[in-house]
Amino acid sequence: MAITAVVCLVALYFLLPTLVPQIPSPLDKYFPKDKIHLGLDLQGGMHLILEVDADKALESMMERTANDLKESLMENKVRFRNVERGKDATMSLELTEASGKTALEKILNEQYSDLEIASTTSREGRQIVYLKYKDKRAADLKKLTIEHSVETIRNRVDQFGVAEPEIIPEGENRIMVQLPGIKDPERAKNLIGKTALLEFKIVDEDNSLDEALRGNVPEGSVIAYGAREDRSSGQRGQVPYLLKNKTLLTGASLETAKVQISDRFGEPHVSIKFNSQGASDFDRITNENVRKRLAIVLDGVVHSAPVIQERISGGQAQITGNFTMDEARDLAIVLRAGALPAPVNILEERTVGPSLGSDSIRQGIIATLIGSLLVILFMIVYYRLSGLIADTALILNIIIILGVLAGFKATLTLPGIAGIVLVIGMAVDANVLIFERIREELRLGKPARAAIDAGYSKAFVTILDSNVTTLIAALFLFAFGTGPVKGFALTLSIGICASMFTAIFVTRLIFDYFIWQRSVHNISI
Amino acid sequence: MEFIKPGTNFDFVGKRKIAIGISIVLIIISILSVVMHKGLNFGIDFAGGTIIQVKFTKTTGADVIRKTFQNIKIDDAIIQEIGQNEVIVRTNQPMTKELQAKVEEAMNGQFGTGNFEIRRIEFVGPKVGKDLTNKAILAIVFAWLGMLIYIAWRFEFRYGLGAIIALIHDTIITIGVLSLLNKEFTLVIVAALLTIIGYSINDTIVVFDRIRENRKKDLKKSLAEIINSSVNETLSRTILTALTVFLVLLALFFLGGPVIHDFAFALLIGIVVGTYSSIFIASPIVLSFENLQLSKTKGKK
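Protein chains in written order, with my numbering: chain A, 1 to 525; chain B, 1 to 301.
Source of the hints: derived by calculation from the structure; they are not laboratory data.
This list has only true hints and no planted wrong ones.
BS3-like, lysine-lysine: derived pairs with alpha carbons at most 27 Å apart:
hint: 1; chain 1: B; residue 1: Lys217; chain 2: A; residue 2: Lys458
hint: 2; chain 1: B; residue 1: Lys15; chain 2: B; residue 2: Lys221
hint: 3; chain 1: B; residue 1: Lys127; chain 2: A; residue 2: Lys142
Estimated spans, in silico, between C-beta atoms of each pair:
hint: 4; chain 1: B; residue 1: Asn108; chain 2: A; residue 2: Phe408; range: 36 to 46 Å
hint: 5; chain 1: B; residue 1: Ile168; chain 2: A; residue 2: Leu444; range: 31 to 41 Å
hint: 6; chain 1: A; residue 1: Ser519; chain 2: B; residue 2: Leu138; range: 55 to 65 Å
hint: 7; chain 1: A; residue 1: Leu444; chain 2: B; residue 2: Lys221; range: 10 to 20 Å
hint: 8; chain 1: B; residue 1: Trp153; chain 2: A; residue 2: Ser358; range: 42 to 52 Å
hint: 9; chain 1: A; residue 1: Pro306; chain 2: B; residue 2: Asn108; range: 33 to 43 Å
hint: 10; chain 1: B; residue 1: Asn108; chain 2: A; residue 2: Ala163; range: 26 to 36 Å
hint: 11; chain 1: A; residue 1: Ser358; chain 2: B; residue 2: Val64; range: 26 to 36 Å
hint: 12; chain 1: A; residue 1: Ser208; chain 2: B; residue 2: Ala101; range: 35 to 45 Å
Sample of chain B residues lacking proximity to chain A, with all beta carbon distances greater than 10 Å (derived):
hint: 13; residue: His37
hint: 14; residue: Asp63
hint: 15; residue: Lys216
hint: 16; residue: Ala224
hint: 17; residue: Phe289
hint: 18; residue: Glu290
All C-beta atoms in this analysis are idealised placements derived from N, C-alpha and C, irrespective of residue type, glycine included.
Please put together the full structure from these sequences, using the hints given.
Pasting the structure below:
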């Protein structure tokens, strides 16, 4: 008796915040604050699976390492040529002297413990050495890349302002992002997916841009494009730039970024402030390149390339370029949160609008109510008063399921509601089994008390075996299912366990009360 | 109230050859249907692609919608009407940023801003689709195995085998019916299949349990007799439980909304097939195994 009362009260305790819109203020601190957590399919929102291209991160790391290694080799007077980057974050170089390899190995051992020689081939007295990251190191670097990406995305989402976002790494190189109640999914996707690699490069004015566009790109320079919007016609076009390859400064040297409105046109732009190291680098760079043009490149796109009029100390700069207010605000956010260490691709997207969510909730509640009502009526018609006892257990069962969901902060999804409806149909099974047994025993001529005893004890093994097998199915559904389907497996499992308790224990309690306390001798079944 | 009067004694075991024959025919039809349809009609969860659910303020013909999508080079758009003025558009193209912008622009141009609402967008890339397919297959196969082990442990191995064959039978026929009606095969359907497996095994176990009990009571009776009386004794419960589950599923089917509709439909089919297999297939197969073993030992003598 006591157990039943405690279970009901605890379930109701956790359910209260969901059922009552506002608990009056002197009482509210005694009750949990959390309502039942609704899945994205019920409250609306966005679900993304992102894939982090960790190999890309490894490749760009190899590129930096290759540059460092070149300098180290020159310092140590090791003769080499044809440094090339290969596939899958490898590099190769040609050693022109026989002693080169020993010298290289020495440098690797001392300064580049992450690298190892993958293979060596000899050709006409020269040696071509292939280098790669050590396997363990490469795996570590990839793992770090994922962790860093999760961290960066979390920062961005937090600054964007989403209530209860979920950002969880999944598997080897995937990240799951859930943003409940998001109003502008497009914008959120842009914000999350942007690499936001900010680079400062000098425009190459020693060589001809036209010549480069014809295909003769000079050594050490690249072509990059910037977007241009014709103010009068509103047409968008592309402007080519010839930039020096070398990145002078990146977004990593930023301290902060914020949106400002320019005085002249009232257009928003992003003003950035470098940290102390970045500020002194910027000071030096502007000093060395006065009268040259400095290109501000974001994810490979040139945003602007102003001429450096004079040395800029103080570490302030501006990024301009036809931003809307939202675009400028989002750019400031991604710059503050930092660049993603590797590009990300969207593998899966599920966006549900809030109106569809509330429709689903309404339909789910109606289906649950009608379904319960049908079963409750059926049980009363078929088993009369005993049916009523089973119905009590059924209602208790629903309260327990919802209480457990609220208490454990589990998520209720639309398939989850379907699970509850299904459980209502299946939970009476235990009582059907018991009642059919009791009827059989009564037919054998046993008195009510003995029939109930026998009915419960004989049905118990059957109920246990049949419910365990159903639980096995629900378990695998939970283990392999995703998102909403997991919610279905969850409510089904809770419901099956709760039904064992309510249908066996609680109904027995009621029967016993009538038999022992009220000395009832005929049961209505 | 009683549907099945006590003392009812249908000769289920005697009819088992007919039942097994019917089941084999149904299974062949199911497999043929899947082959004729060139595989299952996989939803985007497994095949990859994009769906967009749009609600219009007034009645809008599927032709106009299809044309709107053709104008932006989405030629494979499948328009499915769900409920009033609401459609789901499906295409195999991935939902990129550019595509989404184009769709909104085209819709705005055709129907006017404010006359429609994009209520849901789902995009599943091919990589994820493959993963989800593997997971779904694993979930079903592991569920079968887990049950085989549990039943073999609680009863006997041949009982486990009988139950699993009944489960595979239920799964194939349910898939067959979905395929015949060309219903979309989605993650939610997999959840329905696993629920059917869970329900059907529940039913079968109740019968097995009675067989176990009756065997202990009377050691002289033949297995065929015991199986028959056990199926009959539990028949009332089998039908009652199927009925209550059927009732709630009807509520889900008619009132649960479009997302739940197919799920409830698959379950309705599955409950019927699962109840049938618990009565006619699972136990008779246990008997067939026994007869097989008997004739083998006779042959050796």
